[in-house]
Amino acid sequence: MRPVQYNTKLKTVEAPEGMMGDGFMATSLEKVVGLARKNSIWPLPFATSCCGIEFMATAASHYDIARFGAERMSFSPRQCDLLMVMGTISKKMGPVLRQVYLQMAEPRWVLSVGACACSGGIFDTYSVLQGIDQVIPVDVYVPGCPPRPEAILDGFLKIQELVGQESLRRRKGEKYKELLESYGIQ
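Quick note, the sequence shown lines up with residues 2 to 187 if you use our numbering.
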């Protein structure tokens, strides 16, 4: 029989900074909301080609994206806060992708997975969108053709960092409004 091996590489989530004592903890509302959002992201997979297969492996038991708080995959934009675009997006699909993005409630984030979603990939043609950032703002890019599940998980962890550090007032700020206006979004 093999002896039991413990995973020594696990990281535990630390409590937000604040005043701590016997039986109490005081911190700012922003830090608590950031911690809650960061560990309960609901992704909407928008997969159109081979990167979607890699995402399936990421969601399966070996890599298990659910251990990072993405337990519930949803295909309803109104219930999601992370849009994961994976694969080739044609120019005809651009308006559909934009509509899905606009149907998501604020705050919302976008993860562009694979060379095709990031830059059009090998398809430098008239019919393929050369990066989804032409129609919607992107928060994190995951390169690769197709990227390995580890890379997708790394991109997801980068999104978690953004979500955890985001101010509650950022979405109402002038820079964010200017960004959305540059995409024609009000």
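Among these hints, one or two may not hold up.
Claimed, not checked - Subject to a maximum C-alpha distance of 16 angstroms in a straight line, what follows is the list of computed EDC-like cross-link-like pairs (lysine to aspartate or glutamate):
| hint | residue 1 | residue 2 |
| --- | --- | --- |
| 1 | K12 | D134 |
| 2 | K92 | D155 |
| 3 | K32 | E162 |
| 4 | K39 | D134 |
| 5 | K39 | D125 |
| 6 | K92 | D140 |
| 7 | K92 | D134 |
| 8 | K32 | E18 |
| 9 | K176 | D140 |
FYI, nobody ran anything at the bench for these hints, they're computed from the structure.
Could you grab the alpha-carbon distance between K39 and D134 and see if it respects the 16 angstroms cut-off? 23 angstroms, violated
Could you grab the alpha-carbon distance between K12 and D134 and see if it respects the 16 angstroms cut-off? 33 angstroms, violated
Would the hint linking K92 and D155 be met if the CA-CA limit is 16 angstroms? 28 angstroms, violated
Just to be careful, I want the Cα atoms of K176 and D140 compared with a cutoff of 16 angstroms; is the pair within it? With Cα atoms ~14 angstroms apart, K176 and D140 stay inside 16 angstroms; holds.
Holds or violated: are the alpha carbons of K92 and D140 at most 16 angstroms from each other? 21 angstroms, violated
Take a quick look at whether K92 and D134 sit within 16 angstroms of each other, Cα to Cα. With Cα atoms ~12 angstroms apart, K92 and D134 stay inside 16 angstroms; holds.
Would you mind confirming whether the straight-line C-alpha gap from K39 to D125 stays at or under 16 angstroms? Violated, at roughly 36 angstroms.
So if I understand the rule, the pair passes when the alpha-carbon distance is 16 angstroms or less; does K32 with E162 pass? 12 angstroms, holds
Quickly compare the C-alpha distance for K32 and E18 to 16 angstroms and report which way the hint goes. Given that 16 angstroms is the threshold and the Cα spacing comes to 8 angstroms, the pair holds.
Of the hints listed earlier, those the structure fails to meet are numbers 1, 2, 4, 5 and 6, in rising order.
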